[in-house]
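Trainee: Residue strings, one per chain:
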Amino acid sequence: MISLLSLSIGGLILICELLFPGLQYKPVPLIEVFIDGRSRLVITGYFDVDYLKGLFVRLPGSGLLVVSSEERVVTDEGLIAKLSELFTNPEGMFGEVEERALVEVLPVVVSYALVNSINSCTFLVFIVLLLIASHLVGRRRMGLISATFILAVYFTYLLIGLNLVRIVGTYSVVGYAIASLGLLLGFITVLNALRKGEGCSA
Amino acid sequence: MIERAITVPLAFLTGVIVSITLCSAGPYLIALVYIGKLVFLNSIFLFLIYNAIFVFPLVVILVTMSVAKEYVRVMRRKRKGIVRVLSLLEGILLIVLAIYLLISE
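Going down the list, the protein sequences come from chains A and B.
In terms of my numbering, the first sequence has 159 at position 159, counting the first letter as 1, and numbering is strictly consecutive.
In terms of my numbering, the second sequence has 26 at position 26, counting the first letter as 1, and numbering is strictly consecutive.
No lab work stands behind these hints, which were simulated from the structure alone.
Any given hint could turn out to be false.
[To be verified] Derived pair list, reagent style SDA-like, types lysine to any residue, alpha-carbon separation capped at 25 Å:
hint	chain 1	residue 1	chain 2	residue 2
1	B	LYS69	A	ALA101
2	B	LYS78	A	PHE123
3	B	LYS69	A	PHE123
[What the hints assert, rightly or not] Interface residues of chain B toward chain A, partial, derived using beta-carbon atoms under 8 Å:
hint	residue
4	GLY15
5	PHE47
6	TYR71
7	SER87
8	TYR100
Note that beta-carbon positions come from the ideal geometry of N, C-alpha and C, so glycine has one too.
Here chain A stands alone, though its shape is the one from the complex (with noise of 0.2 Å):
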């Protein structure tokens, strides 16, 4: 049996998706206060003292405070718990993933990889590059590069799944350079159907 991951950011990317859903960058730092047992406040973000101190004061008889950009009360008593495991313990909430058979995994893992081409920034970052290569390239070199770029995705994925590549995290200049390019030709694509009737000649 080998765990290939840290679990904890498991727990920490979870209890993000619970909190805040749909947000792309996970908040940190993340802190939750238990009183007296029981989960009454989870602070992320920096802020000044006194607003912090003033935050105890006016603690909402229940439910459970978030305080990000914006404040908010949750009240769903279920939440709290799952929450409060996933604090104190977060491991414990893929515990019993363990005993679990490989076709019972492997619909969880699918529909996250359904989710995950569809929505993301590869995906942008892809079709930017390959159409600026149809525009400046040959059918068979635009082929052959953006079946690289594909490769090159595919195994690097596949080194960060066995922990071989820690993951960056920072929004890179490579996705701006190509945004940028990308703007530029398009622009310079638009002009020139405008003008002569046909886009870059490639």
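Mind docking chain B on chain A? Use the hints.
Mentor: What follows is chain B alone, placed relative to chain A:
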């Protein structure tokens, strides 16, 4: 000049850098937790499947683009008008996607 700059090693490097830095990794990290609990061989199997699904749309787009490009090449000889509209659409698509890529972060 730019034609020569787009090379296979560069495309590979781009793929690697995009994979280790871009934001697409959230669902993958959660899936890893599930996969990590399995027996090693099974987890390898699931990694292969996950990544195959992950890159599948890219392959579909690539094939579609290849076919479309061949089609445009044939059409170009016959009718200039259609090519003009297609180029215009392609240029606009490129601009919209590039802007989206810039602002989505």
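Trainee: Indicate, hint by hint, whether the structure satisfies it.
Mentor: Verification of the supplied hints:
1. B/LYS69 / A/ALA101: 45 Å, violated
2. B/LYS78 / A/PHE123: With a Cα-Cα distance of about 33 Å, the restraint between B/LYS78 and A/PHE123 is violated, given a limit of 25 Å.
3. B/LYS69 / A/PHE123: With Cα atoms ~20 Å apart, B/LYS69 and A/PHE123 stay inside 25 Å; holds.
4. GLY15: 3 Å, holds
5. PHE47: 5 Å, holds
6. TYR71: With Cβ-Cβ at 11 Å, over 8 Å, it is violated.
7. SER87: Nearest chain A Cβ about 3 Å off; hint holds.
8. TYR100: Interface hint status for B/TYR100: holds (7 Å vs cutoff 8 Å).
The earlier numbered hints that this structure contradicts are 1, 2, 6.
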